[in-house]
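2 protein chains.
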Amino acid sequence: MIYYFDNCATTKVDEKVLEVINQYHTEKYFNPSSLHGWSLAVKKDVDASRNTIKKCLGFSGNVLFTSGGTESDNLAIFGSMRHGGNVVATMVEHSAVYNCLQSLQQKGVTVKFAKTFDDGSVDVEHFLSLVDENTCLAVCMHVNNETGAINDIKGLFEGVKRINSRVLCFSDGVQAVGKIPVNIDFLGADLYSFSSHKIHGTKGVGGLCVKNGVRLVPQNFGGGQENGLRNGTEYVGGIVALATAVDLACKNLQTNVENFEKYKEIFKNAVRDLPDCKIICQNNCSSAILTFAFANIKSEVLLHMLERENIIVGLGSACSSKYKVSRVHAQLNLPKNYQEGLVRISFSKYTTMEEVEFVADKLANTVKALRNIIGVRK
Amino acid sequence: MIYYFDNCATTKVDEKVLEVINQYHTEKYFNPSSLHGWSLAVKKDVDASRNTIKKCLGFSGNVLFTSGGTESDNLAIFGSMRHGGNVVATMVEHSAVYNCLQSLQQKGVTVKFAKTFDDGSVDVEHFLSLVDENTCLAVCMHVNNETGAINDIKGLFEGVKRINSRVLCFSDGVQAVGKIPVNIDFLGADLYSFSSHKIHGTKGVGGLCVKNGVRLVPQNFGGGQENGLRNGTEYVGGIVALATAVDLACKNLQTNVENFEKYKEIFKNAVRDLPDCKIICQNNCSSAILTFAFANIKSEVLLHMLERENIIVGLGSACSSKYKVSRVHAQLNLPKNYQEGLVRISFSKYTTMEEVEFVADKLANTVKALRNIIGVRK
Chain X
2 MIYYFDNCAT TKVDEKVLEV INQYHTEKYF NPSSLHGWSL AVKKDVDASR
52 NTIKKCLGFS GNVLFTSGGT ESDNLAIFGS MRHGGNVVAT MVEHSAVYNC
102 LQSLQQKGVT VKFAKTFDDG SVDVEHFLSL VDENTCLAVC MHVNNETGAI
152 NDIKGLFEGV KRINSRVLCF SDGVQAVGKI PVNIDFLGAD LYSFSSHKIH
202 GTKGVGGLCV KNGVRLVPQN FGGGQENGLR NGTEYVGGIV ALATAVDLAC
252 KNLQTNVENF EKYKEIFKNA VRDLPDCKII CQNNCSSAIL TFAFANIKSE
302 VLLHMLEREN IIVGLGSACS SKYKVSRVHA QLNLPKNYQE GLVRISFSKY
352 TTMEEVEFVA DKLANTVKAL RNIIGVRK
Chain H
2 MIYYFDNCAT TKVDEKVLEV INQYHTEKYF NPSSLHGWSL AVKKDVDASR
52 NTIKKCLGFS GNVLFTSGGT ESDNLAIFGS MRHGGNVVAT MVEHSAVYNC
102 LQSLQQKGVT VKFAKTFDDG SVDVEHFLSL VDENTCLAVC MHVNNETGAI
152 NDIKGLFEGV KRINSRVLCF SDGVQAVGKI PVNIDFLGAD LYSFSSHKIH
202 GTKGVGGLCV KNGVRLVPQN FGGGQENGLR NGTEYVGGIV ALATAVDLAC
252 KNLQTNVENF EKYKEIFKNA VRDLPDCKII CQNNCSSAIL TFAFANIKSE
302 VLLHMLEREN IIVGLGSACS SKYKVSRVHA QLNLPKNYQE GLVRISFSKY
352 TTMEEVEFVA DKLANTVKAL RNIIGVRK
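Residue numbers (our numbering), protein chains in the order written: chain X, 2 to 379; chain H, 2 to 379.
If you are wondering where the hints come from, they were derived from the structure by calculation, not from laboratory data.
Please note that the accuracy of each hint is not assured.
Given that identical chains are not distinguished, each listed pair holds provided it fits within a single copy or across any two copies.
[Said to hold, decoys possible] As a list, the in silico DSS-like pairs of lysine-lysine whose alpha-carbon atoms are at most 30 Å apart: (1) K212 to K55; (2) K369 to K337; (3) K29 to K363; (4) K252 to K55; (5) K212 to K108; (6) K44 to K299; (7) K44 to K13; (8) K363 to K299; (9) K29 to K17; (10) K363 to K44; (11) K55 to K45; (12) K29 to K252; (13) K162 to K116; (14) K299 to K29; (15) K263 to K29; (16) K252 to K45; (17) K45 to K13; (18) K337 to K299; (19) K269 to K337; (20) K363 to K45; (21) K269 to K252; (22) K45 to K299; (23) K263 to K13; (24) K29 to K13; (25) K44 to K17; (26) K269 to K116; (27) K337 to K116; (28) K17 to K263.
Build the full structure now, drawing on both the sequences and the hints.
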């Protein structure tokens with residue numbers, strides 16, 4: 002029995018999703034680019050998946066299928082640099098976005114970083130002050146993957162377009178889709194990325210929503226799939242599974258959110274009596290993410306203590322776990338003794354109340370125990 | 002019942018491969034970039050897969066996992082352009098290679114195309130005459146995906162290195178791995194690409210072999226996976242499945258080749274009495290591919306006639322099926338009345354003798370019938 006509370010890093014595949022994908026491995030395994038009828042049928046399944054996702058995400062544009070969130074982010078950013086210009090973004094983007102921006106900087110593109118608040122949410126006013134007539138791309142994640150803060154994407158992108166209507170507005174929605182209500186047309190995003198394995202689909206598949214009229218520069222070359230915008234044989238099973246995962250996540254959203262809010266309360270209650278403990282995002286957060294900062298605790302030690310109890314929690318982004326001080330955590334204005342003590346708890350539809358109660362208790366007690374050890378050593 | 006003879010386009014997933022991949026969907030679904038023990042275990046599985054593949058393919062360098070053959074080809078080509086220089090290649094490469102080369106040309110890189118013979122194999126002497134001190138990359142596919150011709154990669158790359166030892170030598174091995182013996186160290190390739198779904202693995206996964214000492218320029222940015230050379234959460238299940246597929250294909254190679262050679266003979270016998278029929282590759286061909294050119298036949302019509310009998314054959318590359326006259330077919334020096342009549346038959350381990358006999362007979366009879374119709378119309 003594993004207590005899995007790192008659902009922001011990745012999720013278990015849903016049995017229904019698995020049933021779908023397995024059909025495409027041994028029955029409908031045809032290459033959608035071939036010309037015979039069975040291939041045309043799987044090609045239709047890919048297009049039907051596109052339509053399912055468009056409907057779930059309130060989007061009237063096109064959906065491109067990619068190998069995951071990282072490829073979607075790369076395509077959105079580099080694909081937008083057709084005519085040059087400056088880029089405005091935040092410092093707390095996921096590394097799949099931030100490292101693309103760094104690459105642009107190395108190529109001589111001006112990238113301006115807007116301030117963020119202590120919960121990792123964007124300072125909209127400061128962001129807008131950086132947008133000018135030469136801005137070509139505005140980048141802001143929908144939900145922060147390390148803190149759960151939800152950004153006001155609609156307000157931000159409306160403001161951007163008021164200043165310069167030619168700016169392409171891109172939001173990384175990897176931690177938003179299936180976790181909070183998402184209506185991309187309403188948000189006013191030109192580009193919006195998402196991933197399958199964060200919502201009980203499989204790894205190796207993601208999507209990029211591209212508003213009608215937006216002309217991306219292709220970032221790879223090959224057989225002309227996805228209208229030449231993303232070449233390579235379509236991973237049909239993974240794509241249909243992604244659409245199934247998005248559909249399930251959207252249909253169960255209300256129920257999941259209600260459960261997750263209850264889980265959050267249990268965790269908050271468990272640490273209520275612990276001194277020197279901060280909850281990073283207090284208002285307007287994803288219900289699926291709860292990030293604590295514990296003073297005088299090294300989160301890596303805490304993680305390994307919990308691991309002995311078969312409890313898995315996160316340290317922040319799995320994708321930045323190699324780096325000692327997280328770029329994102331450094332933006333949260335935490336007192337120095339809190340900076341290494343961040344722990345991210347993230348829920349899924351498979352999380353149960355019993356698990357939450359067990360883990361919340363263990364978390365609080367382990368923090369206490371660790372502090373006692375430190376106390377003794379002093 | 003479908004008679005599937007288009008195994009160069011894609012293949013049915015092996016049941017053993019399916020068992021492997023499914024473990025990673027619902028049990029070992031962890032993100033290899035996380036820091037807990039279960040993640041480290043799946044990371045080890047990824048590395049074990051790398052070692053399996055290295056052993057099967059006689060390779061002492063590194064294996065990078067990608068989303069498929071197309072991404073591997075793109076990474077090999079664009080990743081090699083660190084210092085500039087000219088590129089030597091053939092005109093008959095797969096579109097995932099050729100269209101990268103075209104993109105390089107558009108950026109001002111000189112790409113020189115070597116002559117090929119009538120079976121699509123490279124004219125080694127002419128290729129070598131194009132290599133000079135400014136050449137940075139030599140590109141030649143191992144097995145031609147439309148004709149089955151096997152190139153003398155060892156001889157070619159040895160010749161290239163003799164002229165200029167700094168040239169990176171890249172071979173697209175997508176139609177070679179699992180179909181003919183492959184020993185990459187012996188071949189002398191610096192870069193060698195392959196795909197999973199061509200050998201009963203899943204779509205959405207491929208690999209690029211990178212010789213020790215070769216420093217590729219990363220083509221995407223993100224969480225630093227695959228030593229920063231291919232960013233994005235590893236598709237662990239797909240990767241372990243790929244290693245399983247490569248292992249199975251290499252172990253069964255001898256048996257498969259023996260069967261395929263028998264199948265080829267049946268097909269050749271079936272068309273023996275048909276006038277105006279050419280077999281494109283006669284010597285040194287992959288046993289898995291047999292390409293016919295029928296005079297005065299439109300292969301698309303033939304394909305649809307066979308489809309009525311539940312027979313699936315190929316027209317050439319699925320990835321270039323959109324284009325009326327294949328770039329590759331145009332290089333085969335066929336008389337004009339043969340040019341639109343190419344049909345590719347490709348086998349897999351699931352092909353049976355009964356299927357071959359049925360399809361070979363139907364193919365010959367359908368060509369006869371089509372010619373009769375044309376005769377009547379004249």
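Margin query: As a check of your reading, is K252 near K45 (CA-CA no more than 30 Å) within one copy, between copies, both or neither?
Written below: The answer is within: 23 Å in one copy meets 30 Å, while 36 Å across copies does not.
Next item on the list: Indicate which option fits the pair K363, K45 if close means a Cα-Cα distance not exceeding 30 Å: within, between, both or neither.
Entry: Answer is between: at 29 Å across copies they meet the 30 Å cutoff, but 49 Å inside does not.
Item checked: Status of K116 relative to K162 across identical chains (alpha carbons, at most 30 Å) -> within (19 Å within a copy, 53 Å between copies)
Check: Quick one: K269 to K116, C-alpha cut-off 30 Å, is that within a copy, between copies, both, or neither?
Finding: within (28 Å within a copy, 71 Å between copies)
Next item on the list: Could you place K299 and K29 in one of the four classes (within, between, both, neither) given a Cα distance threshold of 30 Å?
Entry: So K299 and K29 pass the 30 Å test across copies only (27 Å; inside, 50 Å).
Next item on the list: Classify it for me, K212 with K55: is the Cα-Cα distance of at most 30 Å met within a copy, between copies, both or neither?
Entry: The answer is within: 11 Å in one copy meets 30 Å, while 43 Å across copies does not.
Next item on the list: Using 30 Å as the alpha carbon limit, work out where K45 and K13 are close: within a copy, between copies, both or neither.
Entry: both (27 Å within a copy, 19 Å between copies)
Check: Which holds for K212 with K108 at a C-alpha limit of 30 Å: within a copy, between copies, both or neither?
Finding: Both. Shortest intra-copy (27 Å) and inter-copy (28 Å) distances satisfy the 30 Å Cα cut-off.
Notebook entry, point to check: For the identical chains here, do K44 and K17 meet the 30 Å Cα criterion within one copy, between copies, both, or neither?
Noted result: Both: 21 Å inside a copy, 26 Å across copies.
Margin query: Within a copy, between copies, both or neither: which one fits K363 and K299 at a CA-CA cutoff of 30 Å?
Written below: within (16 Å within a copy, 71 Å between copies)
Item checked: Within, between, both or neither: K45, K299 at alpha-carbon 30 Å -> Between copies only: 26 Å across chains, 51 Å inside a chain, cut-off 30 Å.
Note to self: Regarding K252 and K55, is the shortest C-alpha distance of 30 Å or less found within a copy, between copies, in both, or in neither?
What the structure shows: Answer is within; shortest intra-copy Cα gap is 14 Å, inter-copy 44 Å.
Checked against the numbered hints above, the structure violates none of them.
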